[in-house]
Amino acid sequence: MTPWSPVAALRRIAFLLERGREDTYKVKAFRGAAAALLPLSDDEIARHVTDGTLRSVPGVGASSAAVVEQALAGEVPDRLAALEAEHGGPLVAGGEELLPLLRGDLHSHSDWSDGGSPIEEMAFTAIELGREYQVLTDHSPRLKVARGLSAERLARQLDVIDAVNDHLTAAAGEGGFALLKGIEVDILDDGSLDQTDAMLDRLDVRVASVHSKLKMDPEPMTRRMLAAVRNPRVNVLGHCTGRLVTGGRGTRPESRFDARAVFRACAETDTAVEINARPERRDPPTRLLELARDLGCLFAIDTDAHAPGQLDFLAYGAERAAAAGIDPNRIVTTWSRKRLLEWAGAGV
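Numbered according to this note's numbering, the sequence shown spans residues 1 to 348.
Because the hints were derived from the structure by calculation, they are not lab data. Any given hint might turn out to be false.
Said to hold, decoys possible - No more than 20 Å apart at the CA atoms, straight line, and that leaves these computed lysine to aspartate or glutamate pairs for EDC-like:
{"no.": "1", "residue 1": "K181", "residue 2": "E132"}
{"no.": "2", "residue 1": "K144", "residue 2": "D189"}
{"no.": "3", "residue 1": "K181", "residue 2": "D201"}
Make a model of the complete structure from these sequences and hints.
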C-alpha cells in the first residue's frame, strides 16, 4: 500500500469514521489534528516527533500522534488499517450498476449551518469521490437550531463558493469539478419559502424541505407542500415525509399528506422527488417511492451529508432506486452539469 502522509492518514480516518456513522467526538479529534498539522511541513512534523513535542501542537492528542508517528515511519497506521477493514468496504449490497452513473449530489451541508466541516473540505472530498459537481445547500434562516443562513450570510457564502471554484479551476482547469450554489430552504406553514426571491434567483439549485410542524393535519400539510413544489424556483422536494427510522436522534413517524396529489404536482412541474440517502431517513418510504415512480416523477439521489464521509452515502440511495426499478435517466443526479443547470434554471 502507498505510504500515507500524516495529514492524509488523519483525514482518511475521519472520513471512515463519518462513513461508518461513528461518534462525532472521535471524528473531531482526527479532523482537528489534521487541520493543526496542515500548515506544517513534513520536516517540521518529523522534528516534533523526534523531539517528543508533537502533542504540544494544539489539537494533537495521543491517538492522532500515534497515527502521525506510524505514517512518518512509512507504515499504515494501525487505527487506519482497522477502520479500513471495518468501514472501508461496500456500504450496501445492490445498486452497483446505478452508483457509477451518479455524477453529483444536490444536498449537502457545511459548518456554515449544521454541518461539521468547512466548505473546502466538503468540496475536496467530493472531488476525491469522483463527483463532477456538488451542491452546497446550507439551511435557511428560520431553522435557527441549525444556524440557518440569513440573506446576508448566504450572500457572503456565495462569494466563498466563487473563491473555491476559482482555486479549483486554477489547479485543474476549466471543465473539472464545480461546487454549485444552493440552499435547503424551509417550506413555511403556508407553503412559501424561507428566503428572499432575489437570493433564491442567485442560486444554481434549490431544495425545499419541511422541517417544522411535521405533525400538521394532512389537508394543510398537502396544501403547504403543493404550494412549494409549484413554486417555479423549487427544483427538489427534500425528504418528503420527514421520518426518522433509526439513529442517534431516535425515530419519528412520517408526516401525513396526500402523496398522490403532491407527486402529481412534482411530475407536472419537473420538480424532482429527493431519494434521501441518509440511512436514518430512507425517505421517501418504499411505497411512496414506487408511487412517485408510477406517476412519472423525476428523482434526485442526494446524501444530505453533514460531514465529508457522509458524501459516500449515495450508495444507499442507489440501492433503493435500483430496487424500485427507476430509470436512471429520470434521476437528475445522473445528468451532466450542463443538463442539470439548464433544468434547475428553467423556472427562474
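Verification of the hints:
1. Of the pairs offered as hints, the one joining K181 and E132 holds, with about 14 Å between alpha carbons and a cut-off of 20 Å not exceeded.
2. For the suggested pair K144 and D189, the alpha carbons sit about 16 Å apart, so the restraint of at most 20 Å is met.
3. Using a Cα cut-off of 20 Å, the hinted pair K181 and D201 holds, with the two alpha carbons roughly 11 Å apart.
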